[in-house]
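Visitor: Heads up: the protein sequence lines correspond to chains A and B, in order. All residue numbers for the first sequence refer to my numbering, where the first residue is 6 and numbers rise by one. All residue numbers for the second sequence refer to my numbering, where the first residue is 370 and numbers rise by one.
These aren't lab readings, by the way, just hints derived from the structure by calculation. The structure presented is a predicted model; accordingly, all values stated were derived computationally and were not measured. Keep in mind that the hints are not guaranteed to be accurate.
[What the hints assert, rightly or not] Mimicking DSS-like on lysine-lysine, the simulated pairs with C-alpha atoms at most 25 angstroms apart in a straight line are:
no.: 1; chain 1: A; residue 1: 238; chain 2: A; residue 2: 216
no.: 2; chain 1: A; residue 1: 292; chain 2: A; residue 2: 232
no.: 3; chain 1: A; residue 1: 238; chain 2: A; residue 2: 258
no.: 4; chain 1: A; residue 1: 159; chain 2: A; residue 2: 187
no.: 5; chain 1: A; residue 1: 145; chain 2: B; residue 2: 457
no.: 6; chain 1: A; residue 1: 115; chain 2: B; residue 2: 384
no.: 7; chain 1: A; residue 1: 83; chain 2: B; residue 2: 384
no.: 8; chain 1: B; residue 1: 625; chain 2: A; residue 2: 145
no.: 9; chain 1: A; residue 1: 145; chain 2: B; residue 2: 384
no.: 10; chain 1: A; residue 1: 254; chain 2: A; residue 2: 238
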Amino acid sequence: MNHPIEIYDLHKTFANGVIALESVNLEIEEGEIFALLGPNGAGKTTLIKIICGLSTVSSGNISVMGLDIDRHYKEVRKLIGLVPQELHTDMFETVWDTVCFTRGLFGLPKNDRLVQVLLRELSLWEKRGEIMANLSGGMKRRVLIAKALAHEPKILFLDEPTAGVDVELRQDMWGLIRSYKKRGVTTILTTHFIDEAEELSDRVGIINKGKLVLVEDKKSLVSKLGKKQMILKLSSPISYLPEIFNEFKIEIKNSGEILEYTMPDTDQGERVSKLIKMLETQEIHFKNIETIQSSLEDIFVRLVSKK
Amino acid sequence: MVKQINFVGILTIYKSEWSRFRRTFWQSLITPIVTTMLFLLVFGNAIGERVGGINGVSYAAFIIPGLIMLTVLNESLSNSSFGIYMPKFTGTIYEILSAPLSPIEIVIGYVGSAASKSILLGLLIFFTSTFFIDLPIAHPIPMVLLLVIVSCTFSMIGFTIGVIAKSFDHLQFVPLLIITPLTFLGGAFYSMDMLPAVWKTITLFNPIVYVISAFRWSFLGTATVNLNASLMVIFLMFFVVLSLIIIIFKTGYRIKT
Ligand SMILES: Nc1ncnc2c1ncn2[C@@H]1O[C@H](COP(=O)(O)OP(=O)(O)O)[C@@H](O)[C@H]1O
Ligand SMILES: [Mg+2]
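So that you can see chain A by itself, here it is in the shape it has in the complex (with noise of 0.2 angstroms):
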């Protein structure tokens, strides 16, 4: 079985001179939502451009379904939806007329059906006669949302889909994006926002000066990279602790009131409950205790500011 997206070793330098995307290897899987998580200038949307066809490539591989993006560009191309980053809009057509355009483009007979069902979905409807200048920033994100699902791709990318999008559209449109991935829609999106990220993707690969640094299972990510963190709140302060507790790694904090213990990432609890054991034996008690986990926010800065 062919992945729906597989990119070898690929290189991107514009014209200028700008090292857009260096070495990036990736592998899509069938069905999932991948969030390509990264700063500003990242070269995330350069990744989505290359594959779509509105950017070259400068080495490296790209294959669709197993199909070579640029021998095989019109299969490819016809599996392919994409919602750009910025709202390119023609403003004097209609929403009905750009939807329809869209799918003709690909070749498609008309189908007024479909289009209906599409505008219905991304509350459209409405709208369909109004021409693009008299839409909202929202709405037209939402009509070239419907444009790119207009010739039924299997795979969607959206660019950026909530920057600037206000809070409770960002939930409406979290919710869009999850329907679609049950209808069988391998969608890839990117986002500088970790919680979008973190909400909405199955994995996440984290991207930063053209990069690829990481791609992970989003639960693996986590539990893997996220510091565990374990903290004891201690009955009477201490000043120090016994040698036998230097197997751990502890900190001694607010002045001996507070320990601090960072869990290995094996550690599936066996550990705590020895340290736990250890310090009734030593007679260091505790009144609470609490284990905090770090989220994609903190792996996405530590992972980023290493560089």
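For chain A, the structure is supplied; the task is to place chain B with the ligands on it using the hints.
Guide: Positioned in the frame of chain A, the structure of chain B with the ligands alone reads:
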């Protein structure tokens, strides 16, 4: 690898360009027709009285083919350059580029609609002028064929300009500073035979001389420049421009980053 031609896609571009023309349908038809009639009034009647006939026809009838070409060349250039520059300018070109359309298919869509409009205009000017003057038409079918190939060639040139242009000013530059002067100097209003020998030789480097001469031949049955030479130049221009446009589109120059 079976690469099917995306006919529906081509037609979609073609139709959407036509609906763009339709928004300003009357201006875009009336303006060139009125302009031509004014030329006809001033040059054909006022001046023509003094000039008398050229090559055995009235001066008015002599300049009509040139006047039609003047409009056809300019309209072809401006419509197609605008047609492709607009989506570049607004960013909507992303849709065209990410659709399953080959460079040639895209060119056919845009150039086809711009050329159709020019052909329609050329024919309208022709029919309108028959109301005012006695216009012979020696070779009607070659006349239409010439109109078609010239419209296509100059629509492709316009398309290339639109692709290369970085601002709206650039779109005006070539029509205004190159094509219009070349048309005026290309024998739209006079016969090459009226020029001194030196100038006559110089004008032979102006490709529009051949276009106008061949087109006039289709009306009057006589040509100022050798007809075969004219046809050769016209076909050569067509294929040179066609190749240029395909190369430009394939390399993605000024379209893809
Ligand atoms: N057409 C271009 N020409 C030159 N440099 C570009 C072009 N487009 C983007 N870049 C540069 O490439 C880098 C990546 O840009 P982009 O992919 O848009 O980042 P992101 O989408 O992650 O914010 C940036 O440094 C940007 O300035
Ligand atoms: Mg971007």
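Visitor: Which of the numbered hints are not met once you compare them with the structure shown?
Guide: 1
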